[in-house]
Amino acid sequence: MDDVWTGRYLQRHDGSWWVVGEDGWSTSVEDLLAVRDGLASMVRDLPHVECEPLEVEES
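At position 11 of the sequence shown (counting the first as 1) the number is 37 in the numbering used here, and the numbers step up by one without a gap.
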């Protein structure tokens, strides 16, 4: 059985789903979700920083 092209997603003959870019790159949906979760946890772990707005003087 051949792979089935469905636009941005490709279902392989083994039943797995892959995200495919227009220029040919591809990654599994699971890997993409793992990257997203990793980035979300890094952002969540950033320390809170209090700061005041910058004032800009026109010259």
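Please note that a few of the clues may not be correct.
Derived Cβ-Cβ restraints for the label pairs, each shown as a range [claimed, not checked]: (1) Q37 to V61: 46 to 54 angstroms; (2) G41 to V82: 34 to 42 angstroms; (3) R38 to E83: 54 to 62 angstroms; (4) E84 to A60: 42 to 50 angstroms.
In short, the hints are calculated from the structure, not lab data.
C-beta atoms are modelled at their ideal positions from N, C-alpha and C, and glycine is treated no differently.
Verification of the hints:
{"no.": "1", "hint": "Q37 to V61: 46 to 54 angstroms", "verdict": "21 angstroms, violated"}
{"no.": "2", "hint": "G41 to V82: 34 to 42 angstroms", "verdict": "56 angstroms, violated"}
{"no.": "3", "hint": "R38 to E83: 54 to 62 angstroms", "verdict": "59 angstroms, holds"}
{"no.": "4", "hint": "E84 to A60: 42 to 50 angstroms", "verdict": "47 angstroms, holds"}
Checked against the numbered hints above, the structure violates hints 1 and 2; every other hint is satisfied.
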